[in-house]
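Colleague: In case you want the letters, here they are:
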Amino acid sequence: MTQAFRIENEGLINRDKKLSFKFNGKTYFGYEGDTLASALLANGVHLVGRSFKYHRPRGFFGAGVDEPYAVVQLYRNGETEPNIKATEQELFEGLEAKSVNCWPSVNFDIGAINNFLKIFLPAGFYYKTFMWPKSFWYRIYEPFIRKAAGLGVASTKHDNERYEHKYEYCDLLIAGSGPSGLAGAYAAAKNGAKVILAEDKPRFGGSLLTSDVNIGNQSGKDWADSIVAELKTMPNVVVKNRSQIFGYYDHNMLVMSEKVSDHLPSTKKYHPNKRLWYIRAKEVLISSGSIERPIVFGNNDTPGVMLSSAAKEYLKVYGVLVGRKPLVFTNNDSGYETAIEFKKHGVDPVVLDSRKNPESEIIDEAKNLGINIKNSYVVVAAQGYKKVKSADIASISEDKKQLGKIENIQCDCICVSGFWTPTIHLASQSGNKTKFKEEIDAFVPGQSKQNEITLGAANGVFSLEETLKTSFTAGSKLSKKITENDNEIAIPNVVEKKSSQHDKFWCVPLPKGKNYKRFLDFQNDVAVSDVEIALREGYRSIEHVKRYTTLGMATDQGKTSNLNGLQLVSEIENKVVPAVGHTTFRPPYTPISIGAIVGREVGKHSKPTRKSPMHSWHEKNNAVFVDAGVWLRPRYYKRGNENLFEGSKREAKNVRTNVGVCDVTTLGKIDIKGPDAAELLNRVYTNAWLKLPVSKARYGVMLREDGIVMDDGTTTRISENHYHMTTTTAQAANVLSHLEYYLQLVWPELNVNVVSTTEQWAGAAIAGPKSRDLLQKLFPNSDVSNEGLPFMGYMEGDLFGVKARIFRISFSGELAYEVNVESDYGNFMWEKIMEVGEEFKIQPYGTEALSTLRIEMGHVAGSELDGRTIPYDNALEGLVSKKKDFIGKRSLQRSAFTAEDRQRIVGVVPLDKQTSIPEGSHLVKDDKASLPNPKLGHISASCWSVEYDNPFSLAILKDGKNMIGQKLFAMSPLKNKVIPVEIVSSHYVDPKGERVRS
Amino acid sequence: MLYINCPHCGMRSQNEFSYGGDASVKRPELNKEVSDQEWDNFVYNRKSLRGKHLELWQHISGCRQWIKVERDTATHEIFRTFKADEEVA
Ligand SMILES: [Zn+2]
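Here the protein sequences come in this chain order: A and B.
Each position in the first sequence, counted from 1, maps to that position plus 12 in my numbering.
Numbering follows my numbering, with no gaps: position 85 of the second sequence is 79.
Honestly, the hints are just simulated from the structure, not real lab data.
We put the beta carbon where it would ideally sit given N, CA and C, even for glycine.
Honestly, I wouldn't trust all of these hints.
Said to hold, decoys possible - Below, a list of computed lysine-lysine pairs in the DSSO-like style, where the Cα atoms sit at most 27 Å apart:
(1) K685(A) <-> K77(B)
(2) K703(A) <-> K26(B)
(3) K895(A) <-> K20(B)
(4) K587(A) <-> K516(A)
(5) K294(A) <-> K46(B)
Said to hold, decoys possible - Covered stretches of chain B (in silico footprint by chain A; criterion: 3 or more residues with CB under 8 Å from a CB of chain A, positions within the stretch not fixed):
(6) 1 to 14
(7) 22 to 32
(8) 63 to 69
The following block holds chain B by itself, in its conformation from the complex (with noise of 0.2 Å):
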């Protein structure tokens, strides 16, 4: 069970938490035209990577903010959490 630095509640148990995919992904802005092929990237195409990761969890049990976590898709090693406002460079 991951150990995730909520950066709002500290250390918690990955039980607290809900996952919630590549946090790269940015939603298509609203009333403006997309293409077929950019919609099918943000709804549906995920690279799926071996390797450090940006994520999205929630934590759902806790204070219910949505957090980014970078982790090691393969040793599951978090490097850095972030506050969904912050920018990570």
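So here's chain A without its partners, still in its complex pose (with noise of 0.2 Å):
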């Protein structure tokens, strides 16, 4: 296949380079440097895809980020992605590519029909036509508007792409590297500011890369190439291309989507797709530069139909006709580049400039060069279905209402420059109070509300000379604030043929008997139509009008459509365009891909992952783990088949008979020093601190202000003004915090400090009726007896060398102790704990086992302390001080608190002793009462009691106290049970807790 649009001698590609590409299943060839678009255009194809309501034929309408029409479905080294740009995304060799939002082809589409049937889509027709019969919704509407709406498909497969997050800061950030944004950066680096300019294209030089200027004694492009090559390499300064600065958020916070990858067949090892850049800068200067404007006409989204600057950029940049026939239809001196560019390569163009009597040097050439110029002219209606064939023109009158006699001419595209509209995204992002300005028809940056300044065309400057001379005076300016220094720099002579006046001209009216649709907004098939609709029936503000018409909200964010529908708008209310008023742009400046967005936080790195000293031993035994907060945790050892369910019954079954040890280092652990500890824990428990004598340890709960139980875990007197607490695992950083507002922020008289201990610690719970003797045998210098060691006792004893804590105290409500080591001899502690008490009959237990013994002993966990209970509702009520303050006390007095039936933790069993009942079931006093059925309470934790071996659960049940003995159902919708239960004490096992005493 040839490239027949192809010119010679024109151009940035690298014709050394030819690659190969797909488009719809078909091979074509292009050059490295062309994008998906410049290539296709370069084999003479402009039918890229089907409008997204009437699936009307699609070519190209721009050259960059603003492109409405041309999204495809890219597929790249095995991956898929979409919603693509062609006219952003770079050849690569193998590039595949297909159209979206048709059905079966882009030739022959059936929702086409929908173009025939445009009557009934007109703006609202989704809230009119699919609101009834109701129950059609489901069943018809949404899979027909789902299958006809797409733009493109997710791939469901792993994303094996690298996306990297990079934190940046630097002294000013430009934004665009258009003659505005090189003057600002060199002037800044000269001064030696930290400047980083950011480019979204490969190449840097924005307009001047297309236009006819000379900066100095240099055409504008080679201006730019020496200044940026200059730029690189001054170490002050990052030059980032195919960079998009795409938000600008609080305290000049700007966030930079950096494509890394994507213009190459597939990603090089060790490098990211994407880089996603988080800048704080002191200063930004924001040159976005400005995109060219439609004017409105009579089919105007025919393929063929394109922006003028496009079409001069495909030639300038690709050596890419669009067209050997062209019309240029113009208001402004920017149709004129675009028709000299192709009459200097043998390709005679038409222009049809709206204005009567329009003067300029680009005009003169214009003339010179014998191109045929037509004024107070204009195109009424393109012709042509799948790509544009001939034009309806006709003359207009000096107020615009009326036209002349229609006269069709041959054309084979038509390049449209409707004047300029600055883009003003990131200004208005950052808070920027935006204005209307009037000889420009659009609105510009007004007053600053952060560190920004906006220059060049983005501000709605278009002269050259004056763009330059602002954009080195800023950039002196601001990096003079920063850097102190002052260097001068002489501001290049500058020779620019075009002027800045346009017509306020942007839509043709209809001719008599016609109604072609004119859209406003290509991408969504808003046509003018529609919002004459939208107001007819009464919407008024631009957002609801926005809303209801879907002008503006497709993919392209109303690049090109805004400013025509607010004209639009402002015509038929007879206001001024500031009146209606703009709608407001929000972050992303252009779609950016979730990978980007997400980084490296995917899968197991979306959190870090804590592992205790012991894991390795865990592993080696087949712990089977499971994940606590941040940590992993054994849940059980797995023993040849066993499931879960047996493992974490044997375990449980072996700590009643035998000994267990559990690993408990997860357990949060605060180290407390100073005079005042005593009098900070007697004010953050609910019970009696100042007379715990040293090396014991007492139970404690803690409150929240509101009397919501917020931690327990025990607290242990190591020494007189040295106390070690400890949280559950889940609440270990809130506790700390809690500690710490109060002793900054409530009690800064009180001379106490804490802090965290909890990875200097490693923890083994050893608990069973056999675990004294083993504690003796591992502390053979220590007396660990009844009396030497005492329930709640604490001494510190030596562990074949090494200095342990030893703590008894229990959660499984059997004799039981805890030993800490210092982490580092975490695994040496667990395998001395093995070793010795083999002989008898040890086996360590995960959380499963764990949570089976603390349940049948009724002691209280996470799944209680759920922040929505007081100490009452646990059966803590007994560690209440009446006697003294305490946080949170003041609230236990609500009525809602001290009620009579007030609910309470009880112990529930099924009827059959057989069917274990889920967590989170309900317990209702009849199975068949009619929904909602009143819910009495609800079961918090379920287990197997080892000790009578039926199933067994705590629950949280109104009026709990006065329950005890009542037959309920526990019933889960969820898992589809209702199972009848009687309700027993909480305290199953040993309820007068001798054997924790023992």
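Build the complex from these two chains, which are given one at a time in their own frames, with help from the hints.
Modeller: Right, dumping it as structure tokens:
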């Protein structure tokens, strides 16, 4: 296949490197440096998709980020990505792409029948048509819309690409590398400021790449190249292409997406696909340029109708002719630049200028080249279905209301220029109050809110000379503020031929008897008539008109449609545009891939994984792990073919009969020191702490100020002014913050310091009737008898040469101890315990057995302390001091908390002693009652009692105190279970607590 | 993302901090009789102001100090920051 529309000796592509690619299954060739769009156009392919609503044929409208049509599905290296703009996607060897939003093919599309039914699809048609009958929605309308309205298909596979995040700080961040960006960056860099210059395209230079201007004694492009080359050598400057700054957030933080690998056939080893930069800039220079505005006329969505700047870019950058019989339709000088480029390459354009007598150097040049120019002329309608074949044109009256006689002229493309719209998205996102600038018919940045300044075309300044002057000055001034250097930059002379005057004209009236569709929003198929309907139906706010018509709501965010929409509303409403207002610009400026936003925080990396020092032992001994917050904990140690139920039952049983050991390293630990430590504990715990002797531990409960239980745990007095607090695994961080809050802000007079020591200690709980015998063998020199180390006692011991802390505390309800050693000795401790414990038939036990043991003992844990319960609810009211004050005490007087029938913890046993009750089940009186069945309580935790060999659960039950012995039903609609149950005491095993003291 | 000047550490990004609510709330003294209304005001009732607001943040991934931040709740502008024990004039 030849590239029939490629011309010689023009463009910045590399003709030495030919690339093959596939579009809709057909193979084509292009060159390195092409975009998919330019390569397709070089091959004469103009039909790339179908429109969203009417499925009308779609071609290319722009040449960059503003492209509304040419959105394709991309296939690269075995992966697929939707919503790719062909105008931005650089060509690589083997690229494959397909049209979206068409079925079965782009040439014959069934959905196009909507086009002939368009009378049924006006503004708000989704709201109106699909509302009735209601039952049709799920079965008929939604599947139809979903199938018809696709803009590509997201991959369902795992994304194998890597995405990185980077944090950066700089003095000046410059968005855009056109004339203003380069001048600003250069001046700031010369003053020694730390500069980041970001360009979203592969090539630097912006408008200088395509415009016929001179700066100093160089062409615009050569000047840009030399500035960029110099910037790249400066150590204080970072120059980035393929990098889109898409969001401007608070306190001058901007986010940039760098496409590292999208232009390559596959991502290089160790490279990311994209890199997301979080940049905190002292000053931001927005030089994002402007986007050409369309003029609205009949059938202006026909393939072959495109922005005149795009046609020029395809020619100047890619050496591609978008047509051989071009018609240029303009209301300003920009159209002439395009016409002259065509003419220079042997193509005869016709120029229609809506202005009557425009004058400028560039128009003279066009005339001298013999270009056919028709003044006060407009395109009324494009003709042709899949490609422009001709145009209906006419003269237009001075007031732009009356059309002359319609003539038809042959053409194969229509290049439109309705003047320029500054790209103010970033400025607007920063909080800048934008203002309407009458002479350019567009909004420009106004009062700055953050440290940002907008320059050049983005600020509505279209003269190159003024742009360079203001940008050099701004770059110098802003950098001087930071670096205090003041290097003078000589501002070069500028030769520019076009003037920046334009005709305030944006929409061609319909000729009598014709009702051509005149599109405003090309991606969402919103036409002039749709906006008219919305206004007729009473929509006034531009935000409402936008949502009702979907104007500007497509993936291009109305980059080419916003202003024309506003013009239309202002004209119908007879208001000036600023009174209509514009919709808010929000990040991202252009679609950003989710992968880049997520970065490396996927899968296992989405949160840190914490492992205890004994982790490798657990792994070697067949532990099945479970996530406990960010910790990995053994759930049970699998033997043979055991499942979780069998394994945990065996482990729990062994604790009740022999001895078991459990890794409790994950418990939060806080070291508390200072003369007022006891006073602090006395204020944060509900029970009394002032008289706890040295070498004694005490169980404590702490509340939030609203009376709800926050956490529980034991705290041990190590020495006179030194305490060791434990918290639950889940609340460790919150409890530390809580203590710091009171010490730093509420009671700064207390002389206490707190610090987390969770990671400093490895912990092993040794539990079971034989635990003391084992302990004695582990610590032969210590007296661990019931007298030497009584229940809730503490001592230090020597574990085969390693200093250990021994606490006699119990979570399992058995005679039990907890041994702590410094983390580095954790594995040593564990192995010694297993080795010495062998003769006592020791087995390690995991969290599942741990739960079983605590549940059948009626010990509360996270599932009861769930942020909704007070001490009474957990049968902990005995630990609430009546004498002293403490955090949250006053709240316990609230009437709901003291109600006679207040909820309370109970035990629950199924009547059949067989059926396990799902956690979360509701307890109800009558299983046949009509829904919603009044809920009396809920099952908080369930286990298989190893003591009684039947299921047992804990529940929080309304009036639980008086419900013991009652028969209720546990209902779990999720598991579709209704289980008759009996309410029993929550202390199912050893209610008097004799074992722990034995 | 806000940029907060920790009086102990300097300028740090918001993701190092955790928010602690209205800094003007004073906890009633311990062991003092408190009416239901006073207690409700302390525990629950907050003004949710639009505009300048003195609030608490903890530099949780830094020095772990609780600090006071004077911030505009509508614009996010931060005017001043204070150490926990500094009086705010
Ligand atoms: Zn700090």
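Colleague: Any hints this thing doesn't respect? Which numbers, in order?
Modeller: 8
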